[in-house]
Amino acid sequence: MIKDLLEKSLRNSHGYVEMRYHKRDTFSVSVKDGNIDTLNSGSIAGVCSRVLLDGSFGFSSTTIVEKENMDKMLKDAYSLAKISRAKKKRRVTLAKTKPAKDKYETSVKVDPRKADKQELVRSVIDTDKEVRAFSKSIVSDTVILEIIDDELLFVSSEGAEITQRIVRCRGNVTAIAREKGNIASAMESIGEQRGLEMLKKTPLIDVGKTAAERATKLVKVKTAPGGTYPVILENRLVGLLAHEAVGHCSEADVVYGGSFLADKMGKKVASEEVTLVDDGRFPNGFGTMKYDDEGTPTQKTVVIEKGVTRSFLHSRETAKQFKVAPTGNARAWNFEFDPIIRMRNTYIEPRRYTLEELAEDIKEGFFLKGGLSGQADFTGEFMFGTQEAVRIKNGRFGESLRGVTISGNAFEVLKNTDAIGSDFIMRTGMCGKEQVNYVGMGGGSLRTKLLLGGMR
Amino acid sequence: MRLTEDTRLAVKYCEALGVDEAEAFAQNVQTSEVVIERAEIQNERVKTQCGIGIRVIKKKKLGFAFTSVLSKESIEQTCRNANSLANVSLPNPDWVSLPTAAKLPRTPAGTFDPETADMNANDVLKLTMKAYNGAKARDNRVTIDDGKFSVVRGEAAIANSHGMEAHGKDTLLSGYLICVANDKGEVSSMSIESDVARSLKDFSPKRIGEVAAERAVASLGPKAVTSFTGRVLLDYDVAAEILLQPVVASVNADNIQRGRSLWAGKLGEEVASKKLTVVDDGLMPKGIGSSSFDAEGVPCQKTQVIKAGKLDGFLHNSYTANKEKRKSTGNASREGYNVLPRISASNLVVKAGKKKLDDLIAEVDKGIIVRRFSGNVRTDSGEFSGIAKQASYIEKGEIRYSLKETMISGNAFQALKNIVEIGSETRPTIFQAYVPPVLVDEVNVVSK
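Here the protein sequences line up with chains A and B, keeping their order. Reading the first sequence from the start, the letters are residues 328 to 783 in my numbering. Reading the second sequence from the start, the letters are residues 9 to 456 in my numbering.
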């Protein structure tokens, strides 16, 4: 029915027009300190239209999915394209793609739509109990389970008609420990694009225990010292590095703006150990889709191959500018936003070393664990927070300290990367770039050199 | 008054379903925004977001559901969803009641500006161009990396089964610009400048552009300093992020009650320098967080949080207030109709000191000024560490040069006690905090 509405609107259009319908059903339960804090279910739906008229985009959206509003929406988009045209220097043209008529659905074994809500509530309650019982110093916790069920429809004046249903589940535990006037918190999460069978693969309770153990440990210890050290970045942090520090520099819009990689195509930017990939179809990846939000099929894009820049990440617009094929990286958070270039599942390929082997040659350094949020400039300068820093002395792991923010230039870090572990892990993330989006980030633990912004 | 009718309908329908208590929060937000990317107008958007969130309580059990479709059928279905979630929920022994009806204060002056409400996308584009041209005119070495300007018209209605009803409208303009300067192959660090206001006449896009440009140019030719521990001057946004963010978290009554705040049980104790006084003022004229009622329909008020360095009060919503058998401070907030109310500051106002920024700089024998911070602040423990972006080295009371890859770290709670001086010029920043620049001692400055 919605498809008919959209197609009716398309019939009266001129120039290039794409319309998206997006319905996001969410279910979330969170338990704080033994009590249910939220138990929510809801649905947000809306449509948007993006028009390209004489090289100028216009965009408009509405949550009122009725004929009259949709006509107004399309009119708004045209008028925006017209009034902003005079102010734009560049005329947009789009790379050609074959308009697809296709369907995609996350493979789901245990469909969250049919889930026993009571059972889900119970799994969260059970995790909360375990976390609080973990040690005497745990004073508070929050356990969250969330299911995001997206229904997407894409139609365009070129004849594309793509339906996708994407189901994501994720869990998150925060544990807070207090002891002798000190406080420490630890966060851990799981998440995948799949049905509720995710919880069988990695039970929420295990995640909770990891967080509780870390908070219990860190409440007793000091913060790591500042300075430049050889470090091992835990696999859970390597994805952050791949995404924040390197990935963003390979987004063609950022490249166009003069990012570090702008003049480095075919050039060596990292050590030979490093192969960095942005994969739109990584199995069960949080950022996996068969088509992006411009209707372009996604693909596995090798950005850096054995240290050498091989490809950027493109939308149809930048692909045309750069004279390459679009890579399927145009994504929108929801119907309120136009698609922009975003990563999907970004990772550094694993190599052969164990953690012990990575530590072997470090005289004095740190094993950094547990990610916090991060940021990066297009020059490759980045920072992100770590939760825990385990001291390494003469190749041996020692005591744990509180983690600190680390920073540096990503490409220097990658040039200094001399060994990568085999312990590959793919995690979930939320990436913010004017609008947020779900992404996957992964890798194996790696050894490099970094500036720690710790206490003196 | 369509939203008010929607909330009434929802509450009535929930009552008929046999719940003990019901609350409906409906919202309609119209946004026009312009996005600048790669030095060009990238996009313009107009959006309409509306919806309703319904909270029900049944034998102390909570259920919540929301929808973006405001038809009678959809609202009724959402009520049934909330009700069925309450059925599978667990009773919360701490639950007392939703707020009862109370007389609301007058709507704070200057929170709705008819001129702003009438602005269309073309008007927002004009604002954006003022900022853009402001930056370009200042220095030809400057390029604009990105930016965003938006005008928001909001309307909200709340009703609950205790006869509470509230309805309000507001307007908000906001914008930022990120600039870099290029000089003979050298690229500066990114500078950012922003502004936020309730009305068009209080919003200055041209100044955003000029300041962003000036700052980008000023950060050219950076040098390194050797690591030291000492005085750091935190500019508005940085002071808000590093110092006030942990304050907001620590005076949040929910964190206090759960033992997540180091300030639990410390009312009346000294938690900061005597120079620091902080008030949460929900009724401040023109305040970006001002309203006559909070997200639960409770009257907003002025709450003293820190008085001359002493911890003076906490911020409550009705749930945390009921737990202590006291009155809510009207600090319930929600990010949208699709989430339950939490606690947040309305306008967290730091009392201004007497010295202008230049006078603060003059107080520093050796130190740095940080205008942008890219790092992490642990709001519970107060630990912060990150890169001092847009930072300069100060020696003998004067700014000497901009800084290369320098990190700062410390503990916010310690830093609050180490405040040397508070600036005289306050402005709205992130976290709805009105903060002047703050000079702090004993911060770690770490460089390679």
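Please keep in mind that the hints were generated in silico from the structure rather than gathered at the bench. Just so you know, these numbers come straight off a predicted model, no measurement behind them. C-beta: ideal position from N, C-alpha, C; glycine also. Keep in mind that a hint or two might mislead.
What the hints assert, rightly or not - Partial pick of chain B residues on the chain A-facing surface, computed with a CB cut under 7 Å: (1) N51; (2) R53; (3) T56; (4) S300; (5) F439.
Hints versus structure:
| no. | hint | in the structure |
| --- | --- | --- |
| 1 | N51 | holds, 5 Å |
| 2 | R53 | holds, 5 Å |
| 3 | T56 | holds, 5 Å |
| 4 | S300 | violated, 27 Å |
| 5 | F439 | violated, 15 Å |
Hint violations for this structure: numbers 4 and 5, all remaining hints satisfied.
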